[in-house]
Amino acid sequence: MASPNVSLATSLANDLTKGNLTKGPWYRSLRWRIQAWYALLLLLSLIGFGSLLQFEMNRAFWSDVDEELLNAARSIENAMRRPPPPVVEPFGDPNVPTQFRNLQRGGRPEAEPLDPLQRGPGRRPQPRPDLPEWAEMRIDLPPRLQRDDSKPYYIVWQANGDVVKQQDAPESPPNRASVNESHLERHRSFRQHRGPFREVFIRGPRQSLICVGRPVEREKERATSFALFIGLVGVGFFSVAMLGGWWSMNRTLAPLDSMTQTANAISTQSLNQRLDLVGFDNELNALGSVLNKMLDRLEEGFEQQRQFAADASHELRTPLSVILNSTELALSRDRTADAYRTELERCHRAAVRMRELVDALLTLARVEVTGTGQSFGQVDLMMICQEQVEFVRPLADELHVYFQCEWKNCSVIGDAGLLGLLVSNLLTNAIKYNNVEGKVIVSLCSDGKLARLSIADTGIGIPQNEIPHIFERFYRVDKARSRKTGGSGLGLAIAAQIVKRHHGTIEVHSHEGQGTTITVNLPISHSTLSENSARQQKESSDGRQDQDGNVERTLRDPFQNTSSHQQPN
Amino acid sequence: MRILIVEDEPDLLHSLAQSLREDGYAVDTSDHGDEGYHKAIAWDYDAIVLDWMLPGRNGIEFIKELRKQKPTPVLLLTARDRVNDRVQGLDCGADDYLVKPFHLDELLARVRALIRRTTGNASNEIQIGPITVDTGKKVVLFEDNEITLTAREYAMVELLALHRGKLVSRTMIYDHIFDEDDDSLSNIVDVHVSHIRKKLGKDFIETRRGQGYIIHG
Chain A
1 MASPNVSLAT SLANDLTKGN LTKGPWYRSL RWRIQAWYAL LLLLSLIGFG SLLQFEMNRA
61 FWSDVDEELL NAARSIENAM RRPPPPVVEP FGDPNVPTQF RNLQRGGRPE AEPLDPLQRG
121 PGRRPQPRPD LPEWAEMRID LPPRLQRDDS KPYYIVWQAN GDVVKQQDAP ESPPNRASVN
181 ESHLERHRSF RQHRGPFREV FIRGPRQSLI CVGRPVEREK ERATSFALFI GLVGVGFFSV
241 AMLGGWWSMN RTLAPLDSMT QTANAISTQS LNQRLDLVGF DNELNALGSV LNKMLDRLEE
301 GFEQQRQFAA DASHELRTPL SVILNSTELA LSRDRTADAY RTELERCHRA AVRMRELVDA
361 LLTLARVEVT GTGQSFGQVD LMMICQEQVE FVRPLADELH VYFQCEWKNC SVIGDAGLLG
421 LLVSNLLTNA IKYNNVEGKV IVSLCSDGKL ARLSIADTGI GIPQNEIPHI FERFYRVDKA
481 RSRKTGGSGL GLAIAAQIVK RHHGTIEVHS HEGQGTTITV NLPISHSTLS ENSARQQKES
541 SDGRQDQDGN VERTLRDPFQ NTSSHQQPN
Chain B
1 MRILIVEDEP DLLHSLAQSL REDGYAVDTS DHGDEGYHKA IAWDYDAIVL DWMLPGRNGI
61 EFIKELRKQK PTPVLLLTAR DRVNDRVQGL DCGADDYLVK PFHLDELLAR VRALIRRTTG
121 NASNEIQIGP ITVDTGKKVV LFEDNEITLT AREYAMVELL ALHRGKLVSR TMIYDHIFDE
181 DDDSLSNIVD VHVSHIRKKL GKDFIETRRG QGYIIHG
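Chains as they are written, first to last, in the working numbering: chain A, 1 to 569; chain B, 1 to 217.
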């Protein structure tokens, strides 16, 4: 007999509590994803920074080397432009390898056999007319370049590509063809790495080309080890940052884990547990309190459901006991026909009560699931009232209760069946809880927006402290009285539900010993209906604590007004 | 044995009362908590069968207030079957607890057990010389032969047997054998005693003139 809301809540809570929190693959983990993004960003910035650092360091370093080499080249150029000194050094520096000397004469180095005798100091070379005068000059590299063991060298080509001068050239000399002429035209100097050498080329006089170079193996090694160092430092930073990130993320997400555990531990049996929000950060605190509020509502729903089930079973158990015990008693020994008849009558009464109860429970369940607007239409409320009054008149006659009706033609938006049930329930109550020779005053009027149906009796009334409870299921103001009058204890609960479905209001005014008036206001047009619906939704979302259990919000305010209003009496 | 039933459902009250009466008990009934309470205070019942949900004071209040004055054994009847309810019922002073719907046989057995315990007997069978009183089957045996007794006669034998060795006054017999509706004559006890003596022997019940009766066990 669960209402749909409650059963929804049940399945929701079951999902929550049975740990049906599906665990996705690891890469769906928030932790992993944040860590991965973090790693990616950090890696990119570290690589960027490292590369920039490496690039700048290299540039600064090589520009120093280049400047040195360029200065040397310029000093050679200057020396070449100077007029030759009066004393010509003997050609053939002993430091210059033999094959270059041969090259200078246009021979091929491979073809020329090495002849140690040719290097004799006594052989004076003859000036050659095709060579410029500086070809015979002795030009030394500036001493600044010749420090340590940097092994600098230079080579001078003349315009036709022949080597005319050189000093300490390495085994594999630079190739003139590798020099981009146009580049040299534009920038006046040209530098390049050639294997383990760094070389600078400039133009010399008469379209000659000067190349100064030196081996840079050690510098290159230094550059490599520096890059390695930067790389290692980067990896170190990366690891520390990753570990720190993981640690701090775990710290941040730890409350989430504890929330998950608590939520997992909460079952339908322990819905009173709440998440402990002490020490949570703002964001998680908000989430936690939202969850706690949801748990409040769930617990309330469950409590209502539990109470309803307990009440329903309690109500069914008593007539069931009567049937069981009467039949046992009747069968325990032979009895007279009268005795059997008596017991059968008891059983019948009990069965009738059970049927009433089951009918009422089903009606209540049906009313609760009926959505507003479904099967709603223009309904003639006056006709319904007339029909229902006729319907209950036999009961009224039996109890000597009289009707006094004042009604105007009035129609509302609603379900004719439900409204008939509403009117019938209210009329039956007014008759049952009336005094003999009492009156039931039915009045129906309309203010253009709402139809107002009021049913007043001249009966025993309801004590003030009971009024807030009379719409609760199975609530009986006086059990003894209800035993005699019968009824399921659900009539007013059903009435309240019907009114709620129609977005109306129901109010109770009662004076003990004088009588009770129940007033129902129902919207007479679709526009009023939706207006009321919106207002009620807003009111219920304001979320005031529901203290009266099943009593609807829209019903409670009138009671409170009533109680305070009537206290002076 | 005299029993009070407090139950507000009239049909249930009736079948309970009738089955207890048919089992040989004197039964008083009430359908209201307050009225039942006043009866329970006014008479020394051998047991009370009490519904939890009652108009007036409910079963729990009933027992709590009764316990301030009397140790009368109480069997609580209720439709509440949750463990908490049972615990609450027993803790407030009820001696036993029966959930509706129940079998009448079980109710009768529990009532018997309650009375047996409160009179300090461990067994249903009480042996007095050659005579056995079986409070379970409600029969009296004389050397294994069943002696036919009327319900009243049996009730008297049982009352005296349960209190064997003690003096049982005439008032106590009246209080425990007859219910409030019995219009008994003043000498009805003497009549029953003489019938019992005819069936079970002259010496079975000893008369203490002006005080009451006693069975020596």
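Hints in this document: simulated from the structure, not taken from any laboratory. Given the structure is predicted, the values throughout are model-derived calculations rather than measurements. Glycine included, each C-beta is placed from N, C-alpha and C at the ideal position. Any given hint could be a false lead.
Listed below are several chain A residues computed to face chain B (Cβ distance under 7 Å; list not exhaustive) [unchecked claim]:
#, residue
1, 228
2, 321
3, 324
4, 326
5, 327
6, 328
7, 341
8, 344
9, 525
10, 532
11, 535
Some residues of chain B that are not near chain A, with every Cβ distance over 12 Å (derived) [as the list claims (entries may be wrong)]:
#, residue
12, 19
13, 55
14, 68
15, 80
16, 81
17, 82
18, 85
19, 112
20, 129
21, 169
22, 174
23, 197
Hints, verified against the model:
1. Interface restraint check: residue 228 of chain A against chain B, minimum CB-CB distance 75 Å, threshold 7 Å, status violated.
2. Interface restraint check: residue 321 of chain A against chain B, minimum CB-CB distance 4 Å, threshold 7 Å, status holds.
3. Nearest Cβ of chain B to the Cβ of residue 324 of chain A: about 5 Å, under the 7 Å cut. The hint holds.
4. At about 5 Å, the closest approach between the beta carbon of residue 326 of chain A and any beta carbon in chain B falls short of 7 Å, and the interface hint on this residue holds.
5. For the restraint placing residue 327 of chain A at the interface with chain B, the shortest Cβ-Cβ distance is roughly 9 Å, beyond the 7 Å limit, so the hint is violated.
6. Restraint check, residue 328 of chain A versus chain B: the minimum CB separation of about 5 Å is within 7 Å; hint holds.
7. Annotation: residue 341 of chain A was flagged as interfacial toward chain B, and the flag is violated, the nearest CB pair being 14 Å apart, outside 7 Å.
8. Among the interface hints, the one on residue 344 of chain A is violated; its C-beta lies about 11 Å from the nearest C-beta in chain B, farther than the 7 Å criterion.
9. Restraint check, residue 525 of chain A versus chain B: the minimum CB separation of about 46 Å is more than 7 Å; hint violated.
10. The beta carbon of residue 532 of chain A comes no nearer than 38 Å to any beta carbon in chain B, farther than 7 Å, and the hint placing it at the interface is violated.
11. A hinted interface residue such as residue 535 of chain A counts as satisfied when its beta carbon comes closer than 7 Å to some beta carbon of chain B; here the least separation is about 39 Å, so the hint is violated.
12. At roughly 5 Å, the least C-beta separation between residue 19 of chain B and chain A is not larger than 12 Å, which violates its mark as non-interface.
13. A Cβ of chain A approaches the Cβ of residue 55 of chain B within 12 Å, the least distance being about 3 Å, so the stated non-interface status is violated.
14. Every beta carbon of chain A lies more than 12 Å from that of residue 68 of chain B, the smallest distance being close to 25 Å; the non-interface claim holds.
15. For residue 80 of chain B, the requirement that its beta carbon stay farther than 12 Å from each beta carbon of chain A is not met, with the minimum near 7 Å.
16. With a cut of 12 Å on Cβ distances, residue 81 of chain B falls inside the contact zone with chain A, its closest approach being about 8 Å.
17. Interface exclusion of residue 82 of chain B from chain A breaks down, the closest Cβ pair being 7 Å apart, not more than 12 Å.
18. A cut-off of 12 Å between C-beta atoms contradicts the statement that residue 85 of chain B is not in contact with chain A; the least separation is 9 Å.
19. The Cβ of residue 112 of chain B sits about 16 Å from the closest Cβ of chain A, beyond the 12 Å cut-off, so the non-interface label holds.
20. Interface exclusion of residue 129 of chain B from chain A stands, the closest Cβ pair being 32 Å apart, more than 12 Å.
21. Remark: the non-interface label on residue 169 of chain B is consistent with the geometry, its nearest Cβ contact in chain A lying 34 Å away (cut-off 12 Å).
22. Residue placement check: residue 174 of chain B keeps its beta carbon more than 12 Å from all beta carbons of chain A (closest about 27 Å).
23. No Cβ of chain A comes within 12 Å of the Cβ of residue 197 of chain B; the nearest lies about 29 Å off, and the non-interface call holds.
The earlier numbered hints that this structure contradicts are 1, 5, 7, 8, 9, 10, 11, 12, 13, 15, 16, 17 and 18.
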